[in-house]
Amino acid sequence: MTGAVLAAEAAEAGSTGLLANIAILVLAGFVGFAVISKVPNTLHTPLMSGTNAIHGIVLLGGLIVLGRLENPSVGDAIILVVAIAFGMINVIGGFLVTDRMLGMFKAKPAQKKGDS
Amino acid sequence: MDVLVPILYILAFGLFIYGLMGLTGPKTAVRGNKIAAVGMTIAVVATLLTVTHNWILIIVGLVVGTALGVPSAQKVQMTAIPQMVALFNGVGGGAVALIAWSEFRTTDSFSGEPAYVIVASLFAAIIGSVSFWGSIVAYGKLQEILPGRPIGLGRAQQFVNVALLAGAIACAVVAGLGGAAEIWIIGLLVVAAVLGVLVVLPIGGADMPVVISLLNALTGLSAAAAGLALDNTAMIVAGMIVGASGSILTNQMAVAMNRTIPAIVAGGFGGTTLVPGADDGVDRTVKSTSAADAAVQMAYASSVIVVPGYGLAVAQAQHTVKDMAKLLEAKGVEVKYAIHPVAGRMPGHMNVLLAEADVPYDALKEMDDINDEFSRTDVTLVIGANDVTNPAARTDPSSPIYGMPILNVDQSHSVIVLKRSMGSGFAGIENPLFYADNTSMLFGDAKKSVAEVTEELKAL
Numbered sequence: 001m002t003g004a005v006l007a008a009e010a011a012e013a014g015s016t017g018l019l020a021n022i023a024i025l026v027l028a029g030f031v032g033f034a035v036i037s038k039v040p041n042t043l044h045t046p047l048m049s050g051t052n053a054i055h056g057i058v059l060l061g062g063l064i065v066l067g068r069l070e071n072p073s074v075g076d077a078i079i080l081v082v083a084i085a086f087g088m089i090n091v092i093g094g095f096l097v098t099d100r101m102l103g104m105f106k107a108k109p110a111q112k113k114g115d116s
Numbered sequence: 001m002d003v004l005v006p007i008l009y010i011l012a013f014g015l016f017i018y019g020l021m022g023l024t025g026p027k028t029a030v031r032g033n034k035i036a037a038v039g040m041t042i043a044v045v046a047t048l049l050t051v052t053h054n055w056i057l058i059i060v061g062l063v064v065g066t067a068l069g070v071p072s073a074q075k076v077q078m079t080a081i082p083q084m085v086a087l088f089n090g091v092g093g094g095a096v097a098l099i100a101w102s103e104f105r106t107t108d109s110f111s112g113e114p115a116y117v118i119v120a121s122l123f124a125a126i127i128g129s130v131s132f133w134g135s136i137v138a139y140g141k142l143q144e145i146l147p148g149r150p151i152g153l154g155r156a157q158q159f160v161n162v163a164l165l166a167g168a169i170a171c172a173v174v175a176g177l178g179g180a181a182e183i184w185i186i187g188l189l190v191v192a193a194v195l196g197v198l199v200v201l202p203i204g205g206a207d208m209p210v211v212i213s214l215l216n217a218l219t220g221l222s223a224a225a226a227g228l229a230l231d232n233t234a235m236i237v238a239g240m241i242v243g244a245s246g247s248i249l250t251n252q253m254a255v256a257m258n259r260t261i262p263a264i265v266a267g268g269f270g271g272t273t274l275v276p277g278a279d280d281g282v283d284r285t286v287k288s289t290s291a292a293d294a295a296v297q298m299a300y301a302s303s304v305i306v307v308p309g310y311g312l313a314v315a316q317a318q319h320t321v322k323d324m325a326k327l328l329e330a331k332g333v334e335v336k337y338a339i340h341p342v343a344g345r346m347p348g349h350m351n352v353l354l355a356e357a358d359v360p361y362d363a364l365k366e367m368d369d370i371n372d373e374f375s376r377t378d379v380t381l382v383i384g385a386n387d388v389t390n391p392a393a394r395t396d397p398s399s400p401i402y403g404m405p406i407l408n409v410d411q412s413h414s415v416i417v418l419k420r421s422m423g424s425g426f427a428g429i430e431n432p433l434f435y436a437d438n439t440s441m442l443f444g445d446a447k448k449s450v451a452e453v454t455e456e457l458k459a460l
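Those protein sequence lines, which keep their order, are chains A and B.
Those letters in the first sequence? Residues 1 to 116, per the UniProt record's numbering, in order.
Those letters in the second sequence? Residues 1 to 460, per the UniProt record's numbering, in order.
Some hints here could point you the wrong way.
Calculated lysine to aspartate or glutamate pairs in the EDC-like style (CA-CA distance at most 20 angstroms, straight line) [as the list claims (entries may be wrong)]:
| # | chain 1 | residue 1 | chain 2 | residue 2 |
| --- | --- | --- | --- | --- |
| 1 | B | K365 | B | E334 |
| 2 | B | K287 | B | E182 |
| 3 | B | K458 | B | D293 |
| 4 | B | K287 | B | E113 |
| 5 | B | K458 | B | E334 |
| 6 | B | K27 | A | D99 |
| 7 | B | K322 | B | D368 |
| 8 | B | K75 | A | D99 |
| 9 | B | K34 | A | D76 |
Just so you know, these hints were derived from the structure itself, not from any lab.
Pulled out of the complex, with its shape left as it was, chain B reads as follows (with noise of 0.2 angstroms):
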């Protein structure tokens, strides 16, 4: 047994690097997701095999845990992905967290304990708490429970968060010196609750993904932390691994938002922007348009690009646009679908939604891959996206998301928008595309806007 364990954990992680590796690629991917899955179920199976006590109780974990989480995964509509694995997320770093709380209580208050256990111990409930709390804060602001404009403090923020960090390491060091009573460690979760808490709440929805991503790699910090102190190798390795690549992709994310991941976690984008430009002398009027203009403009266009965003996605619209682009590829037109690398609430969201709807993945442009395109593209037709498209982001150095790569979509001969109304996006910022000559609107809810169009693209 003291050999077998080891071994089948070297295994465990292999399979979990290997299967990583699959999942880099469109062809490798659904296999490289199972053989992870194998090499948990290795790892899993293998840390049985050295239980000795509480099986029932182990079992009643493992049966709650799947009785629970196999249902979510099934049900969960594609649109609402982004939360999900915000919940699951959160979930991991809750076990993170308690696992922490009990081996305080198990070992007389770390009474014993080598210096790095209890070091590595009390970080993992810290991290683990915040982990938690921040994820079930973010599932609750896309969820559409709790608001999703940024709430915060104003200039206390700061302070108040530094200052919460600050008693969570003091609750910390006083838990860590052996003997303390179990207030301290409770009064170390509840306060790191609350910072997980108050450093979510300020964020706003557009810069979601990124936290989500940050909160992912912060629970890996943590699992690999509690295996450092279990002096589990499997734990450590997994644990370290998605760290590192959580925070990769967390950094990718910001930089294709241009934001730092400090100024998005001090929080507060668009809460205290105020509209700009609403006095610049620009003609501000909007253009409208109706379905059946909008059929006729892409009917006799040559090429036509898709920009798709979250309106897509609340709207549930992939199937209808796919069969709108169905029938213009019919009448000749060339259809295209240009991919915003935070389109949506997650990097490659807008992918697996109009993968859903059977979108050829080979349709699916990538920002870089399709900007130049633009200009020689005669109608662009955006629907529901708004920041990833707005031209201020180029041109207007007093706006917030100056120099955020965007969509030239301004560049393409004739725009066609749909929306739900003149609100602005996530970001709270005007966006002076809709106002340009090239421009004209198609108000209403994306699905029915785009099955009205395809009507009237039949009847043509």
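For reference, chain A alone in the conformation it holds in the complex (with noise of 0.2 angstroms):
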């Protein structure tokens, strides 16, 4: 598959376009890599708590396949709403457990009590 083939199609499609897409998501990949370079090693379980609650966008994927859907079927209408609870799961837990674990790091006066 080359990727003058793909951007053929994607015209034919008549979408955004494929290969805005690809750009942007190679531009994300480069945001990814450069926001996360920075994190010192003692925030990263939060970091990888949030990022977790972050690909809780897959819950959009469900609610536009199921959205638009006219007449599903039995098995299409079990797949699609195990598949948005799923995805809210993994948003509202995943939100909730890093603001929870952060509230411990936040709640306090650390610099009065260190003896530096």
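Since each chain comes alone in its own frame, lean on the hints to assemble the complex.
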């Protein structure tokens, strides 16, 4: 599969454009690299948990597919409802757990107590 | 509507990036996480604006997800965070796989879909299924439902894994040709599931943080692929950011353990390791000590470094340790905490636990900052840490962990090790530190031992 073929098909499909989407993909990758390379080790667990919550964005996929489906079969309905529930668990659980973890870091006047 | 939704998406991923930047510093992290959550809310609301059918089913899905996700996030013990993250990651991967499956069903087996949509969907299906089942196994191991030691097929393992991957790709090719029977996509999901299980099963407890991080990155990539298939920029951006950042994080963890990601995935760390040095003629007697002696030793020291490990997490000893440190500080002893990057089962795991017990953030020292201080330290108190203090990593080229950066605990004037028994760590490797002349062992549950030491300190 060459890029040219993919691009031609994207043009046929009349979407936002595959090339534009791939450009977005690549740029987002660089943003991910740039943002993360500066994190201190101590925040890695909350960070992993936070990024974990962000990939809960897959919830949108479930909403899109089910939201445009006319007369879904029982099988489709079950698969997509479970997918939406899974995505929701990922999003809401992820953000809440991260918030709990981080709340523990913040709660105290650390500088006063430290004996430098 | 055509313009509003893309604008909301741009706003949403702008907030994701801004929020993630906040997560990189201790002072801005709480706000960063909240900002990312606002971004997510905007993305979900924007998507709901495009919904034209099946409102009831959608609401059922959202409500069920909320009802399951909120209590599990609120009730989980801080010590169980790694497995909770594994589980949340797993359901994300499962969602991706299910969405790909439903796309296959609702597009009449991909008939008439552009090739890139088919390729991206099938990629998402394979990775999503691997991530879901791999995460479930990781959860089972960390929750100790499954044994933490490596379980593998030995030499055949890699061959079987490659064959499974080839099988999943073969199913994908047939499923992607258009008009294929549904059994092919189901076959793909099942073969990928077996692959996910078999990849994680042979990996020992010590490598589990790296695996969870790797699966996290994979779920991100599969979300980005699903975004390409659905032509959804918010999914592409968020998924790819997680894929990229997760890869970096995974690599940093692997480097901290002197392991490579392929070596970890190939599996079996510790599974086949002989007990090295069992007959090397070194004096192998262990000195054990009592809580009273340990208390005296620390009370009259001028500096103490606490080295926490997974044993502290298991015993939930963080509050007890904090109380002990307070007593010591009241006696004029300087107390610091040395945090190895992979202590516990996730990087930063120890920081979270100690922060829960109100230990000041500034007292937590990273490995590179504190390693030179051990030689000037009177007493080092190792609480349930093992492999990250093993001097064999510096001195014994035949050790499986040779070259792994460790805390130079053995250089301090004296070492007290709190440990449940003489059993070896997750990696199953002997630790010469325990036999060193300046080391004494205090056997027992970490929390109980620390509490006893604290009582003795009060009596002094």
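Hint check:
At most 20 angstroms may separate the alpha-carbon atoms for a hinted pair to count; K365 of chain B and E334 of chain B meet this at roughly 13 angstroms. For a cut-off of 20 angstroms, the pair hint linking K287 of chain B to E182 of chain B is broken: about 65 angstroms separates their Cα positions. Between K458 of chain B and D293 of chain B, the direct Cα distance comes to roughly 13 angstroms. Compliance with the 20 angstroms bound is thereby established for this hinted pair. Distance hint between K287 of chain B and E113 of chain B is unfulfilled; the C-alpha atoms sit about 71 angstroms from each other, more than 20 angstroms.
Distance restraint check for K458 of chain B and E334 of chain B: the Cα-Cα separation of roughly 17 angstroms lies within the 20 angstroms cut-off, and the hinted pair is therefore satisfied. The straight-line distance between the Cα atoms of K27 of chain B and D99 of chain A is roughly 13 angstroms, inside the 20 angstroms bound, and the hint therefore holds. Our distance criterion of 20 angstroms between C-alpha atoms is broken by K322 of chain B and D368 of chain B, whose separation comes to about 23 angstroms. This hinted pair checks out: K75 of chain B and D99 of chain A have alpha carbons roughly 13 angstroms apart, not beyond 20 angstroms.
For the suggested pair K34 of chain B and D76 of chain A, the alpha carbons sit about 34 angstroms apart, so the restraint of at most 20 angstroms is broken.
Hint violations for this structure: numbers 2, 4, 7 and 9, all remaining hints satisfied.
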